[in-house]
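Visitor: Build the complex from these two chains, which are given one at a time in their own frames, with help from the hints.
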Amino acid sequence: MTTLKSFYNEKEPYILGIGFIALLILIWESTPLWLTLPRGMALFFTTPSKIAGAFYRLLINGEIEKHSYVSAVAFLVGLGLSILVGLPLGLVMGRSRTLDALLDPYVTALNATPRIVWLPLLILWFGIGIWSKIVIVFAGAVFPMLINTYVGVKNVDRVLVNVVRSFGANEWQVMKVVVLPNSLPYIIAGLRLAIGRAILGVVVGEFFGSSKGLGYMIASAATNYKVDVVFVGVAIFMGFSLILTMSVKSLESRLATWRPEATKTF
Amino acid sequence: MKVKEYYEEHQRALLGLSSFIFLAAAWELLLTYVVPLNPFFFTKPSLIAIAFKEQALGGNLWHNLAISSRAFIWGFSFSVVIGIPLGAVMGWRRRVEYALDPFLTALYASPLVAIAPLLIVVFGVGLLGKAVLVFLLAVFPFIFNTFAGVKSADPLLINVVRSFGGKERDLYLKVILPSTLPYIAAGTRLAIGRGLVGIIVGEFYAASEGIGFAISQAGDTYRLPEMFVGIIVLSLVAVLLTEVMRKLEITLAPWRAGEEIR
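Protein chains in written order, with this note's numbering: chain E, 754 to 1019; chain W, 994 to 1255.
For reference, chain W alone in the conformation it holds in the complex (with noise of 0.2 Å):
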């Protein structure tokens, strides 16, 4: 009866972890005993798992993480001090949103990717290259964020805090800020996604470390297992940054969970 109530209560995470170590196994054991493997075109759980131990104990993995997040933490910052002030002065100025919006808004629909090869031919395959590619795409979303959340500021708390005799300082500590941060965690989960791709183009189209170079060197030398672990690392890397951002979306405004599509 105990075992039955549990499964009623961790149904979900129970299925979703059986499911995951049905298919590891099942890849396996299919290529160990039904189709022969081969290593140039695929490669089986035990086969990264080795590669894995491999690369994190004498090998590049963590050299190349930190250089890739070098250069994302530095793209990643600037359009955080770029793009908030940004947003928040169009939310908050009328004739700047007039003026703005429509330039922006053609940049943050238009796949900027594609400038990528320019960049990196004008600022180098090193750090600086990578870390503009990743403020480029990073920036819109904390722009139109942050945009939306001061535009969404109660105009009527905004009369109250004024009629109270409220100061400039009180408005912005005491509503505007308030009403915009679970805008910006949305946003940061956005530009983490971008900032991501921007990394990867950065570094398959040129680079000579990092974990988007490793994994296309792998691929272009056939050493699959250590290309699964490069594409795993960052997979994990991606899914631990997007749920903490969710997490903290909906800590900050309980209201709006599941109400925005991702």
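Extracted from the complex, chain E is given alone in its bound form (with noise of 0.2 Å):
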């Protein structure tokens, strides 16, 4: 008893945690045993258990690895894209400052706005297939990158540039001994923040004028009343984002443990 007592002390936080998430899902699964749903409602309910049946049965027939593989072509092309040009951007913007004020308007007024009210231009521009979807995630996912280097280079100790600058160093030395290695956490927690906004154009991208891709398989499910399929591709995505960004906070707790985390900022 006492050790099982103490058991239960030592690991209270993943039981109850764990057991949380099973105790909803054990819920869930059992709603229809002992509640007869209206025919209307019935329609749109689902339970565990037919969702991974229809995760099996998806991922048997191809269809997972299909939309899967679109969906990951724009993911990585449009974070690659933005992290080409979010990061010198961000540099260069951090060290100016008269290339700082001529872009902070863009920037604040871009950032503000979330970029999907631009689909339906770019949809117009780039046609329905992958590029208007590889833009609209690297215009997700370009401002996070930029704005965080930004601020890592901002937050660069003056005293360490001038004693570098001191021994003769050239702006580009500057950059590569102490810029860029200090701003380096910034840059890794703006990536995390950056994969969150692609992913988000990535779902999004795909509702909208397209043929192919998890975001489309899951719109065009709903609009069928396969619910089921619906949440096969919620999953899905929810795995990604999870495995990605928990991947990229284990590389930043390990680069910046001085650093509090103050708040979440997904």
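Certain hints may be false.
As the list claims (entries may be wrong) - Simulated crosslink set (SDA-like; lysine to any residue; CA at most 25 Å straight-line):
{"no.": "1", "chain 1": "W", "residue 1": "Lys997", "chain 2": "E", "residue 2": "Arg850"}
{"no.": "2", "chain 1": "E", "residue 1": "Lys1002", "chain 2": "E", "residue 2": "Leu933"}
{"no.": "3", "chain 1": "W", "residue 1": "Lys1037", "chain 2": "E", "residue 2": "Leu855"}
{"no.": "4", "chain 1": "W", "residue 1": "Lys1144", "chain 2": "W", "residue 2": "Ser1172"}
{"no.": "5", "chain 1": "E", "residue 1": "Lys819", "chain 2": "E", "residue 2": "Tyr969"}
{"no.": "6", "chain 1": "E", "residue 1": "Lys803", "chain 2": "W", "residue 2": "Lys1240"}
{"no.": "7", "chain 1": "E", "residue 1": "Lys979", "chain 2": "W", "residue 2": "Phe1116"}
{"no.": "8", "chain 1": "E", "residue 1": "Lys907", "chain 2": "W", "residue 2": "Arg1239"}
{"no.": "9", "chain 1": "W", "residue 1": "Lys1144", "chain 2": "W", "residue 2": "Leu1245"}
{"no.": "10", "chain 1": "W", "residue 1": "Lys1240", "chain 2": "W", "residue 2": "Pro1218"}
{"no.": "11", "chain 1": "E", "residue 1": "Lys758", "chain 2": "W", "residue 2": "Trp1085"}
As the list claims (entries may be wrong) - Some chain W residues well away from chain E (every beta-carbon gap over 10 Å; in silico):
{"no.": "12", "residue": "Glu1002"}
{"no.": "13", "residue": "Arg1005"}
{"no.": "14", "residue": "Ser1039"}
{"no.": "15", "residue": "Leu1120"}
{"no.": "16", "residue": "Tyr1165"}
{"no.": "17", "residue": "Leu1174"}
{"no.": "18", "residue": "Val1194"}
{"no.": "19", "residue": "Val1232"}
{"no.": "20", "residue": "Ile1243"}
Quick caveat, the hints were computed from the structure, so don't treat them as lab data. Built from N, CA and C at the ideal position, the CB exists for glycine as well.
Guide: Here you go:
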């Protein structure tokens, strides 16, 4: 008895955390047993076991692979482009006052507005193929990347910069020796935010004017009342973003153990 | 000399303003004199201004804005009413934190918009569907920021209040609330952004009125000036709301300004 109790005390956070999720799934699964839903509601209802069944079915017939591939390409290319553009631009904006002042109005305005408002325009310009999705993913992910790099550069110790300067370093060397290593934790945090935005871009981009991809799978399943398929898609997106954000987060905490986690800003 | 001083003082604002004016002018001139304008593909500032005047005077702009705001305000209010107490309980009671944290963190980290089509199908294309979507997206920043705020309350201060015979009420009003407010303000700013995503996705997906509907319909019918009017109005609202929250954050907790990453 005492060993059981001490075991519980030791592992309480895990037991309660996992237990709560398990309880929710159990309640969800058993709902049809103790509650007869009206016909209209039953149409929209599904259970975890049915979702798992649909997942297995779609995995076997290759649906998931087909749609995931399209989504993954849009995600990776868009995110890659946003790093290629956001990182250098953030570095330059952090180092140059004039450029910062010139570009700031656009960055603020574009960052405050959800980038998906541009989707109809992007579909008009780039068609309903993969390019409009890549561009919307890019547009979503580039700002967290840019802004975090910028904040990181701004927070670099002035003394260090001056020391390196005094020893005759040029701007490129200052960048390489002081600025880049010191802003790395911010950049990684920016990457985590960018991943979230990029996934949002993939999901929403594929909802509209699309014929492939996980977002399309969800949207078309919803219109056909295939609720279990909707949840399969949602679960895949959840799994992807959880794995990605958690791995970046562990990288983050390894790089910056001294930075307190004040707020969660996904 | 005066001019130079003035410039030095307001350099940032002046450079920003001039770059904005320059871009607008270049856009206008380029499409008027250099490149022939294809109205199905692009537009220019003067046409957007005309469309804005039409929309603002006789068109549906204000009506659409009102429709979207109503859904936004409903969803947002519910996320405040549910998110803040839930976050407070999680911060204050250890067992509640243990039970809820993994579940809610997983939901917060995942793209919940993915469920939008289902919500629209279940709750309809009107106010309810959009409000539920806004709620679902906006509630998490409130939960987690309130949670972090309560957690950040200095235990020393709590003990001081207790030692001097403070009641539970004093504890809440004098220690926990003040240390939580800046976090809630920051959470509100995040929630505004997420809530706007909810409104736009909901109205893009299926709606018959609202600013998101206006944008997507203008896009579908190649009326680019009107589409830009919608986008610009929405951007203005978003910038206004976020900047007000940012100012509020700085007023509430000046020592934290610039510390948090957007």
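Visitor: Work down the list of hints and note, for each, if the structure agrees.
Guide: Results of checking the hints against the structure:
Restraint check for Lys997 (chain W) and Arg850 (chain E): satisfied, since their Cα atoms lie roughly 17 Å apart, inside the 25 Å limit. As the CA atoms of Lys1002 (chain E) and Leu933 (chain E) are separated by approximately 19 Å, the hinted pair is consistent with the 25 Å bound. Among the hinted pairs, Lys1037 (chain W) with Leu855 (chain E) is consistent with the structure: their alpha-carbon atoms are about 21 Å apart, no more than 25 Å. Among the hinted pairs, Lys1144 (chain W) with Ser1172 (chain W) is consistent with the structure: their alpha-carbon atoms are about 9 Å apart, no more than 25 Å.
Of the pairs offered as hints, the one joining Lys819 (chain E) and Tyr969 (chain E) holds, with about 12 Å between alpha carbons and a cut-off of 25 Å not exceeded. Proposed proximity of Lys803 (chain E) and Lys1240 (chain W) is contradicted: the alpha carbons are some 49 Å apart, above 25 Å. At most 25 Å may separate the alpha-carbon atoms for a hinted pair to count; Lys979 (chain E) and Phe1116 (chain W) meet this at roughly 16 Å. For the suggested pair Lys907 (chain E) and Arg1239 (chain W), the alpha carbons sit about 19 Å apart, so the restraint of at most 25 Å is met.
The straight-line distance between the Cα atoms of Lys1144 (chain W) and Leu1245 (chain W) is roughly 18 Å, inside the 25 Å bound, and the hint therefore holds. Between Lys1240 (chain W) and Pro1218 (chain W) the alpha-carbon distance is near 33 Å, which puts this suggested pair outside the 25 Å criterion. The straight-line distance between the Cα atoms of Lys758 (chain E) and Trp1085 (chain W) is roughly 24 Å, inside the 25 Å bound, and the hint therefore holds. Here Glu1002 (chain W) stays apart from chain E, with its beta-carbon at least about 13 Å from theirs, past the 10 Å limit.
With a least beta-carbon separation of about 5 Å from chain E, Arg1005 (chain W) fails to lie farther than 10 Å from that chain, contradicting its non-interface assignment. With a cut of 10 Å on Cβ distances, Ser1039 (chain W) stays outside the contact zone with chain E, its closest approach being about 18 Å. Distance check for Leu1120 (chain W) against chain E: the nearest CB is about 19 Å away, which clears 10 Å, and the non-interface claim stands. Chain E leaves Tyr1165 (chain W) outside its interface by the beta-carbon criterion, the shortest separation being 21 Å against a cut-off of 10 Å.
The beta carbon of Leu1174 (chain W) is kept farther than 10 Å from every beta carbon of chain E, the shortest such distance being approximately 13 Å. Against chain E, the non-interface label of Val1194 (chain W) is violated: not every CB pair exceeds 10 Å, the least being about 6 Å. The non-interface label for Val1232 (chain W) is inconsistent with chain E: the shortest C-beta to C-beta separation is roughly 5 Å, within 10 Å. Residue-level check passed: Ile1243 (chain W) sits 15 Å from the nearest beta carbon of chain E, beyond 10 Å.
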